[in-house]
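As they're listed, the protein sequences go chains A, R and X.
If you're matching positions, the first sequence starts at 1 in the numbering used here and goes up one per residue.
If you're matching positions, the second sequence starts at 1 in the numbering used here and goes up one per residue.
If you're matching positions, the third sequence starts at 1 in the numbering used here and goes up one per residue.
Please keep in mind that the hints were generated in silico from the structure rather than gathered at the bench.
Glycine included, C-beta positions come from ideal geometry on N, C-alpha and C.
Fair warning: there could be bad hints in the mix.
[Unchecked claim] A short, non-exhaustive set of chain X residues, derived as facing chain A with CB atoms under 8 angstroms:
{"id": "1", "residue": "D64"}
{"id": "2", "residue": "F105"}
{"id": "3", "residue": "L131"}
{"id": "4", "residue": "L137"}
{"id": "5", "residue": "A140"}
{"id": "6", "residue": "N141"}
{"id": "7", "residue": "F216"}
{"id": "8", "residue": "Q217"}
{"id": "9", "residue": "D225"}
{"id": "10", "residue": "A236"}
{"id": "11", "residue": "T243"}
{"id": "12", "residue": "E272"}
[Unchecked claim] Simulated crosslink set (DSSO-like; lysine-lysine; CA at most 27 angstroms straight-line):
{"id": "13", "chain 1": "A", "residue 1": "K161", "chain 2": "X", "residue 2": "K197"}
{"id": "14", "chain 1": "A", "residue 1": "K186", "chain 2": "X", "residue 2": "K197"}
{"id": "15", "chain 1": "A", "residue 1": "K186", "chain 2": "A", "residue 2": "K161"}
[What the hints assert, rightly or not] Which residues of chain A face chain R? A partial, calculated answer using Cβ under 8 angstroms:
{"id": "16", "residue": "R85"}
{"id": "17", "residue": "G200"}
{"id": "18", "residue": "A284"}
{"id": "19", "residue": "S285"}
{"id": "20", "residue": "A288"}
{"id": "21", "residue": "G395"}
{"id": "22", "residue": "Q402"}
{"id": "23", "residue": "M408"}
{"id": "24", "residue": "P411"}
So you can see what is in the structure, the chains are spelled out below.
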Amino acid sequence: MTVNRNCYWVKNLALFMLLAFLLGALSFGAVVAQDATDVLVWSLGYSGDYNDTLVERFNEANDDVNIVYEDVLTGTFTENNQKVRIALENEAGPHVLGGVDVGANLQALVSTGQVLDLTEYYRASGLIDRIPPNLLSQVTIEGRIYAIPQNMESVGVFYNKDVFAELDLDVPTEWAEYIEVLEAVKDAGYYGYTMGLAGGWPSALMASMFMYSSAGSEYIDVLSGTQPWTDCDNCLDGLNAFYGMVANGYANPEPLGIDYDQSLDLFYQGINVMVLNGPWFIDASASAEPDFEIGFFYLPAVNPNTDIKTLGGIGGSLIVAEYADVDAAFKLLDWLTTEEIAVQALREVSVQPAFSIDVPDDIAPLTYQIASETAANVDKIGFWPVTYLPPKVFGDMNQIVQGMIGGMLTPEELLSEMQETHSDYLAEN
Amino acid sequence: MAQTLSAAGKRSHNPRFRLDLIPYLFILPAVVIYVVFNLGPVLASFFLSFFKWDLLAPTTEFIGFRHYDFILNDDRFWNALSHNFIFLGLAVVIPVSMGLILAVFIYEIGWGRVFFRAALFLPAIFSGVVIAYVWKWIYHPFAGVLNPTLELIGLGAFTQSWLGNPKIALYSTFIAYTWASFGYSMVIFLAGLQDISTDIFDAARVDGADFRQKLFYITIPCLYDVFTFVITLRIFTAMGVFGVIYILTGGGPFYSSDVIDIYVFRMIGNFEMGWATAAATVNTVVVVFISTGFIKWREWRSWSS
Amino acid sequence: MEFLSRRTRRRLQGAPFYLLLILATVITLVPIIWVFASALKSNKEIRENALALPQEWRFQNYIDAWFGASFDAYFFNSIFITVTSVGLVLILSSLAAYSFAKMRFRGNQLLFFIFLFGMAFPLSAKLGPLLSLMYELNLANSRFGLILVYVAGSLPFAILMLRAFFQGFPQELEDSASLDGCSRFQFYLRILLPLSKPSLMALGIFVFMGTWNEFFQALLLINEDSKRTLPLGLTAFQDEYFTDFALSFAGINITAVPVIIVYIMFQRNLIEGITVGSLK
């Protein structure tokens with residue numbers, strides 16, 4: 001063995017390392033280049049593609065402020081929540097952020113001083129008069145406003161119009177009529193209720209839908225921890241109604257074996273006839289191209305005396321990080337809250353702004369119907385459970401509701417499990 | 001040993017009084033990176049489990065064993081840990097024995113050893129993410145391949161919701177884990193077999209030993225140390241199983257496939273760092289205890305016999 | 001049986017083993033083949049007959065998946081992170097393993113045990129403080145930070161394996177080198193490393209696979225889409241396209257194919273890497 005040959009090998013290694021570090025320097029350059037931007041945005045509360053479109057339009061219309069959009073929030077609710085909070089705390093996150101995850105965590109974000117107080121901005125921009133009071137109350141903490149509700153939405157039943165026509169069914173307005181429709185659909189060989197509960201979030205939302213529909217604002221007290229779960233008899237009625245979807249064969253089989261997206265596929269295929277969903281479903285089903293027409297109605301109340309019409313609320317809120325360049329960030333907020341951009345969102349992706357606009361009547365009829373019904377019922381919307389529940393308890397609720405659907409818990413046991421989890425958590429914190 | 005001593009003596013006249021820095025310099029870069037980015041966080045996790053800490057606002061409030069008190073009184077924690085033990089019990093039997101049998105088969109054949117070894121090891125090279133998504137599709141209740149296959153071969157009675165049935169979700173994830181891990185046991189056993197002197201097998205053949213006798217009286221005893229290693233590896237992976245379950249079921253339905261690492265990850269995600277670090281510490285202690293106990297027991301047994 | 005040669009008879013004795021091995025191979029490979037076949041089907045075909053082979057081969061699915069998500073960026077990130085990590089692990093672990101295997105110094109055993117301890121604890125034991133640390137050091141959401149984490153994670157096994165290998169080196173080699181006036185670093189660079197090429201290769205491939213496939217630390221530490229690795233990109237892609245059956249199969253394949261290629265090329269080295277470390 002000669003030293004020369006050995007040296008060649010060492011040279012190869014050195015060359016290889018040099019290449020690796022060159023690649024490293026290249027990507028480092030990319031990082032530095034990004035620091036020159038004015039406003040970093042992770043989400044504006046729309047689906048990824050429309051965020052891209054909006055950012056493009058803003059950058060075209062504004063020369064002095066440049067927006068860089070990074071598609072970060074593609075994970076689960078928990079993953080996104082974690083990324084947002086720790087990045088904001090370490091000043092390594094976005095300058096402006098929108099999305100449903102924000103509203104749910106506002107309390108936590110504010111308590112650690114991570115978001116900018118927008119109260120003055122609200123006054124100066126006149127936005128304070130354009131947002132319905134109950135939506136505004138959700139982003140107000142101790143008299144200060146920290147976020148801008150961007151979209152409002154309410155959940156209802158989307159149905160396959162062709163099958164309804166084929167079976168000669170009318171849109172139900174009362175619970176008994178709804179059950180009749182479900183029976184008729186089942187007899188015809190379809191499934192009336194679409195259920196995909198695998199994963200971390202759909203179960204708690206679906207169960208909450210039914211508990212709002214039976215207990216109304218009493219359920220808000222339960223979620224806030226001021227009333228024990230086990231004392232809420234009306235909640236029990238709602239859970240029984242929810243469980244009835246499975247027990248009576250109205251729902252598709254294997255609700256725990258498929259996740260939410262997979263269950264939607266059953267609707268697009270025409271196997272399932274109705275699906276509980278929010279207005280974003282109009283856009284989703286349009287891109288999935290089901291070959292039938294879709295209609296919408298609110299789920300009839302389990303308890304006719306309930307004071308809450310449906311589940312929903314703020315679809316996404318905008319926040320500004322406390323380390324952001326305020327002028328640049330406000331410029332983006334100004335632009336996003338203009339009537340023109342809001343109407344565009346409604347027209348193009350059926351997302352309804354939370355601040356008042358004149359809904360144009362030349363938009364798609366279904367979008368128009370949902371937008372006007374949501375606006376008419378905005379004071380009767382029960383907010384998402386994550387608005388009230390700590391993230392851990394919300395996560396537990398998903399699993400516990402799965403336990404009921406899987407036949408491992410009765411609805412009564414579900415309520416006592418929730419009571420235990422919730423009170424344990426509150427006692428520790 | 002004497003040579004090493006003299007080699008060291010050549011460099012420093014009196015090794016007892018002169019510190020030789022070179023060995024430390026060689027180790028230093030590795031130690032720094034390892035301690036900062038691997039061991040340090042583990043130790044920090046242990047210390048922080050006695051403090052009130054939420055990852056965001058560092059506080060120094062010492063609260064003793066309160067996090068442990070919560071964790072050890074939490075049914076979900078014991079539920080998750082018991083699933084780790086079920087996983088462990090299955091993992092030291094099924095992938096290990098599959099690996100052994102296949103290694104013996106490959107050893108016995110002449111032509112095609114390399115092909116079979118490579119083909120059977122293939123699933124082990126994939127990312128846990130790829131494995132989990134492949135199995136998520138296999139188990140898909142409406143478009144998957146498992147239920148139709150069972151119907152095709154006349155086992156239609158067994159078709160079901162593999163990930164949605166709380167009674168079997170854990171075992172479904174175990175099948176995916178096994179698919180991805182028996183290859184490791186197999187190649188290690190195979191290498192161990194190739195280290196056994198062929199004279200022993202030749203002698204056994206002359207004595208008329210059949211396949212079963214060879215397996216139980218020669219192969220398995222000769223692979224004693226290999227078994228210890230393979231099973232120790234399974235202890236680590238089964239107690240730390242995470243990726244496959246995280247993507248396949250996320251621990252559900254109703255915690256039926258929850259394991260400790262999923263439990264901890266969920267806590268971290270919710271910024272319940274105290275509970276997360278306490279649970280992670282308990283798990284680390286359990287893993288170290290089981291693995292060292294097992295290794296000591298194997299050493300003692302081989303020494304005493 | 002007289003008319004058969006000894007050789008043929010021995011082969012026939014192996015026939016049951018062949019049959020069982022072929023069966024095991026088929027069961028093992030069917031899921032992979034099925035995923036590859038499904039990526040060439042249309043959604044309708046997958047829904048209606050999951051078991052059938054594609055009627056016409058739709059390579060368009062791959063093109064849609066590649067351009068529908070930024071797989072080119074993910075691919076570049078994975079290559080960069082993996083190659084740099086492997087290089088660093090090889091350098092650091094060979095230096096340390098040489099010291100552990102061949103030098104006498106106070107604390108040798110203890111330091112080695114500290115490294116060994118790194119193989120025992122589960123991933124969850126370090127995640128929380130690691131996340132906090134990376135943000136403190138401004139290394140979160142950075143490829144360099146991820147590389148450091150991967151290197152730190154691979155070092156225990158790498159040192160264990162190379163130490164076992166270096167211990168097998170005859171002491172005379174080092175003695176004669178030192179007589180020739182070769183310093184220990186020169187010995188390491190000029191003699192030890194070149195002689196260990198096969199082991200370094202085996203270790204390198206092993207670390208390559210582990211790093212290329214890693215997912216959860218990347219999930220915690222990387223935020224921006226442009227910095228994601230392939231496994232991370234795949235999860236984002238799957239979340240978005242899980243209902244587009246064919247596209248999600250294509251996405252899985254795009255992530256798996258590079259590993260399969262490396263595996264086919266370096267199969268022997270990889271398996272050597274696993275077994276050398278385990279048997280010594």
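Going through the hints against the structure:
Of the supplied interface hints, the one on X/D64 is violated, with its beta-carbon coming no nearer than about 14 angstroms to a beta-carbon of chain A, more than 8 angstroms. Interface restraint check: X/F105 against chain A, minimum CB-CB distance 26 angstroms, threshold 8 angstroms, status violated. With a least beta-carbon distance of about 7 angstroms to chain A, the hint placing X/L131 at the interface is held under the 8 angstroms criterion. For the restraint placing X/L137 at the interface with chain A, the shortest Cβ-Cβ distance is roughly 10 angstroms, beyond the 8 angstroms limit, so the hint is violated.
The interface hint given for X/A140 holds, since its Cβ lies 6 angstroms from the closest Cβ of chain A, which is under the 8 angstroms cut-off. Given hint, X/N141 at the interface with chain A, holds; its Cβ is 6 angstroms from that chain's nearest Cβ, closer than 8 angstroms. Checking X/F216 against chain A by beta carbon gives a least distance of about 11 angstroms; that is not within 8 angstroms, so the hint is violated. Nearest Cβ of chain A to the Cβ of X/Q217: about 13 angstroms, over the 8 angstroms cut. The hint is violated.
Hint on X/D225 holds. Least Cβ distance to chain A is approximately 4 angstroms, under the 8 angstroms limit. For X/A236, the interface hint holds, since its Cβ comes within 8 angstroms of a Cβ in chain A; the closest pair sits about 4 angstroms apart. Look at X/T243: its Cβ gets to within about 5 angstroms of chain A, closer than 8 angstroms, so that hint holds up. Among the interface hints, the one on X/E272 is violated; its C-beta lies about 19 angstroms from the nearest C-beta in chain A, farther than the 8 angstroms criterion.
Among the hinted pairs, A/K161 with X/K197 is inconsistent with the structure: their alpha-carbon atoms are about 69 angstroms apart, more than 27 angstroms. Restraint check for A/K186 and X/K197: not satisfied, since their Cα atoms lie roughly 69 angstroms apart, outside the 27 angstroms limit. For the hint pairing A/K186 with A/K161, the CA-to-CA distance comes to about 16 angstroms; that is within 27 angstroms, so the pair holds. Interface hint status for A/R85: upheld, as the beta-carbon distance to the closest one in chain R is roughly 6 angstroms, under 8 angstroms.
At a threshold of 8 angstroms, the smallest CB-CB gap from A/G200 to chain R is about 6 angstroms, leaving the interface hint in force. Taking 8 angstroms as the C-beta contact cut-off toward chain R, the hint placing A/A284 at the interface is violated, the least distance being around 19 angstroms. Nearest Cβ of chain R to the Cβ of A/S285: about 18 angstroms, over the 8 angstroms cut. The hint is violated. With a least beta-carbon distance of about 15 angstroms to chain R, the hint placing A/A288 at the interface is violated under the 8 angstroms criterion.
At a threshold of 8 angstroms, the smallest CB-CB gap from A/G395 to chain R is about 6 angstroms, leaving the interface hint in force. Taking 8 angstroms as the C-beta cut-off, the interface hint given for A/Q402 holds, the closest approach to chain R being about 4 angstroms. For the restraint placing A/M408 at the interface with chain R, the shortest Cβ-Cβ distance is roughly 6 angstroms, inside the 8 angstroms limit, so the hint holds. Because the beta carbon of A/P411 sits about 14 angstroms from the nearest beta carbon in chain R, more than 8 angstroms, this interface hint is broken.
Checked against the numbered hints given earlier, this structure breaks hints 1, 2, 4, 7, 8, 12, 13, 14, 18, 19, 20, 24; the rest are met.
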